[in-house]
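Student: Mind docking chain B on chain A? Use the hints.
Sequences listed follow chains A and B, in order. For the first sequence, position 265 matches number 265 in the working numbering, and the numbering has no gaps at all. For the second sequence, position 10 matches number 10 in the working numbering, and the numbering has no gaps at all.
Hints may contain errors.
[What the hints assert, rightly or not] Far from chain B, by Cβ distances over 10 Å, these chain A residues were calculated:
no. : residue
1   : Ala13
2   : Phe44
3   : Arg45
4   : Ser137
5   : Val173
6   : Ile202
7   : Val212
8   : Ile285
9   : Leu332
10  : Ile394
11  : Val413
12  : Ser426
[Claimed, not checked] Listed next, with one range per pair, are the computed distances between beta-carbon atoms:
no. : chain 1 : residue 1 : chain 2 : residue 2 : range
13  : A       : Ala327    : B       : Leu210    : 56 to 66 Å
14  : A       : Ile394    : B       : Lys157    : 51 to 61 Å
15  : B       : Glu37     : A       : Ile394    : 21 to 31 Å
16  : A       : Ala327    : B       : Ala33     : 37 to 47 Å
17  : B       : Trp123    : A       : Ala319    : 38 to 48 Å
18  : A       : Phe299    : B       : Leu58     : 23 to 33 Å
These aren't lab readings, by the way, just hints derived from the structure by calculation. Note that the Cβ used here is the ideal one computed from N, Cα and C, for glycine as well.
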Amino acid sequence: MEHAPAKPHPDAALLRPIENPGRSFYYIVGALLVIISYTGFVYFRQLWFGLGVTGMAQPVTWGFYIINFVFFIGISHAGTLISAILRLSKAEWRRPITRMAEVITAIVLAIGGLHPIIDLGRPDRMLHLFYNGRLQSPLLWDVASITAYFTASTIYLYIPMIPDIAILRDRGVKPRWLYEFLSWGWQGTEKQHKVLDRAMNILMIMVIPIAVSVHTIISYIFAMTVQPGWHSTIFGPYFVVGAIFSGIAAILVLMIVFRKVFRLEGYLKHIHFNYLSILLLIMSIIWFYFTFSEYLTGFYGHEPNEMRVFWYKFSGDFAPYFWAMIALNFALPVAILCNRKTRTIPGILIASISVIIGMWLERLIIVVPSLANPRLPYPTGIYIPSHTEWMMFIGGISVFILGYMIFARFFPVISIWEIEEGRQESAKIVTERINSYMPDPEPSAAGE
Amino acid sequence: MKWGMVIDLQKCTGCGECAAACKLENNVAIVEAKESEMGRTMLWMDMLTIYEGEYPRLRVRQIPRPCMHCDHPPCTKVCPVRATYINEEGIVAQIYPQCIGCRYCMAACPYTVKYFNWYKPEWPPGMDRATNPDVSVRPVGVVEKCTFCVHRLQTAKEQAKFEARDLRESDFQPACADSCPTGAIVFGDLENATHQVNHLAHSPRATKLLEDLGTEPKVIYLKEVD
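Bound conformation, chain A alone (with noise of 0.2 Å):
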C-alpha cells in the first residue's frame, strides 16, 4: 500500500473498498466458495448418473435449467444495454451507474450462457455445435448472438475501465503487475482520450443491436416451435422488454446494496434511484401491455390448444405463479413506484425484488406450461424440480456474487475518471447544449 498518500484522492471512497478490503470479504467469500463447491459436487452427479437426477420428464422436458437461462441472460440485458442508451442520450446522472450496470451484464451472462451446456444430456459432446452446427436450428443462433453480447459486452465494460486501472496503478495499489498489464499504458492523454472516446462510441452503438437479439433470439427458441402458447409473433419484443426490466431492477438491487456496504451516499443519491425506478416503473407498464395483448389474443382467438395452456396458466395449477408474477411484476411494483411518498429507498428495493422474482416466474410460466399440455391426450405429470435443480440455481446466484465481489475487490465499481470528467465538463457541455435548443434570436433583416 501506499507510504503516507500526499494528498486524499478527491474519490477516495471508490478506492476504499479496493485498498482496504476489510475481512468480512473473506467471509463472504469463504461462505460463498463452500456453496459453489457443494453445487459443483451436484453438478458432477449429474455428468456421472445422467439428467436422471433432475426432476425433468415427459412431457415436461425442460425445467429449471431453461428457465435459469432466459432468466439470466434478461438479466444482464441490464448492464451495457442501459449503460449504452443512458450514454447514448447522454444523460449526465449515467456516469456512476454505467459501470456497475456493465459488470452485471458480464457476469450473469457467463453464468447464463453456461445454463444451456448444464442442460445438455452430453456436455462432453458439445463441439458438435460447431463442427456440425445446423444454422436452420433457433439454437445455433443463440450460440452465435449469445457469443457476439459477451464479447461485446465484456470488451464495452474494459475500455472504460483503462483510466481507471492506472490511477490505481499509479496509486501502487497491489498487485501491481495487474494494473500494470491491464493499463495498457494509459497516460491520459489528449490523443489516449480520443482514441478511448471513439472505442467507447463505437462498442456502445454495437452493443445495443447485439443485446436486442439476444434476447429476441433466445424467444425464438420458443417461437420457432408451433407449441401452443409459445408459437407468437410478439414473443421477441415481448422477452426483451421483460429483459429490460428485470435489469433494472437487478441493477437497482445492487446500487442499494452498494451504497450501503461502500458507504456510497455521496455518489448514488437520491435523484438517480428516482430517475431508475421511474424507467422500471414505464418498463412495468410496458411489460403488462406485452403480456396482456399476448394472452388477450390468445383467449379472444379460441383455439383448444391454445385455451388448454390458457387456463393452466389462469386457473389450474399454474394459476398461484401466474397470479403472483402479475401482483409481483405490476400490481406491486406499479403501486409503489407511482406515489413519490413510497418512491424511498426502501420502496424501491422491495419493488425491485419483487420485480426480479416476478419476472423468474414469468420464465418458469412461459417454459412449462406449454410442455405440461401436449396436445394428444398424454397423462400429463407435474414437473417438480430436484435438489439438483435448485442446487445449480443457488450454486449460479452464489457464483454471480462471487464474482461481483471479487470484481469489486480490485476494480472501483463506480468509474473514477467519468465521475471526475463529469465535475469537469459536464456542466458545461450541458449549458452549451441547452443552448443550442434555445430559438435562434430573430434573424435581422440586414442579413438577408
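Tutor: This is chain B only, laid out in the frame that chain A set:
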C-alpha cells in the same frame, strides 16, 4: 419410395401388443417403477387413451401411436447438430452418437413421440442379455424414438440385393405391424400403387393426427364406422 403406415381403428382392439413388440424389438429401456411414475416410461409405440362422450354414452378407446414420420417434421428443423433428419425414403431418423441431448426436438414435436434417456438404459436381470443385436442400445443422455424399424429395412434390402430382385411389400414390416393380431397395422410404400397402404391411404375413412399443423404425417388412421 415413401414408407408409411396405416392403422385401421375398425380392426384395432387396443390390446397393446404392438407397444410390447416394439419395446422388445428396439431395445427400449425398461425404467424402474419410481421413474415410470415420474413420467419417464419409454414407449416408441404408445397407446393413447381417448375418452368420447359421457356416461351412459361414454366410450374409452386405446389407439396405437408410433412416430408420425412427418414429411415436414418440426423436430428435424430445430435440431442444432443434425442428430435427427428425414432420409430420402421419408423415415425420420435419429443419429444417437451425434445427439447432444438438448431435447429441443422433444419440445418441438407436436405429437410428443420422442423419449430421452434420463439414465443409462437398463433392463431387468436376464433381459439385459437378450437385447436385439440389430438395434443399437442407446447411451445415456440422448433422444430416441420410433424408426419404423429401419434395421429391418436394412436387412430386407440386403436380402433383396443378394437375391438380385426388387424389394417386395412383404419383405419389410416393422415389429408393430408384424405382431398385430387383427392386422390393423399395415405398412408399406405410400407411393407404390401395388402396396396395400397406398390403397388404404386413399380410403374415405383415412385421417391423420393433427392434420391442420401441416406436418404431413405418414401414419394414417382409418376411422371407425359404426
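Student: Each hint should be assessed against the structure and marked as holding or not.
Tutor: Results of checking the hints against the structure:
no., hint, result
1, Ala13, "holds, 47 Å"
2, Phe44, "holds, 15 Å"
3, Arg45, "holds, 12 Å"
4, Ser137, "violated, 4 Å"
5, Val173, "holds, 45 Å"
6, Ile202, "holds, 31 Å"
7, Val212, "holds, 22 Å"
8, Ile285, "holds, 31 Å"
9, Leu332, "holds, 32 Å"
10, Ile394, "holds, 22 Å"
11, Val413, "holds, 36 Å"
12, Ser426, "holds, 48 Å"
13, Ala327(A) with Leu210(B): 56 to 66 Å, "violated, 36 Å"
14, Ile394(A) with Lys157(B): 51 to 61 Å, "holds, 54 Å"
15, Glu37(B) with Ile394(A): 21 to 31 Å, "holds, 27 Å"
16, Ala327(A) with Ala33(B): 37 to 47 Å, "holds, 40 Å"
17, Trp123(B) with Ala319(A): 38 to 48 Å, "holds, 41 Å"
18, Phe299(A) with Leu58(B): 23 to 33 Å, "holds, 30 Å"
Of the numbered hints listed earlier, those contradicted by the structure are 4, 13.
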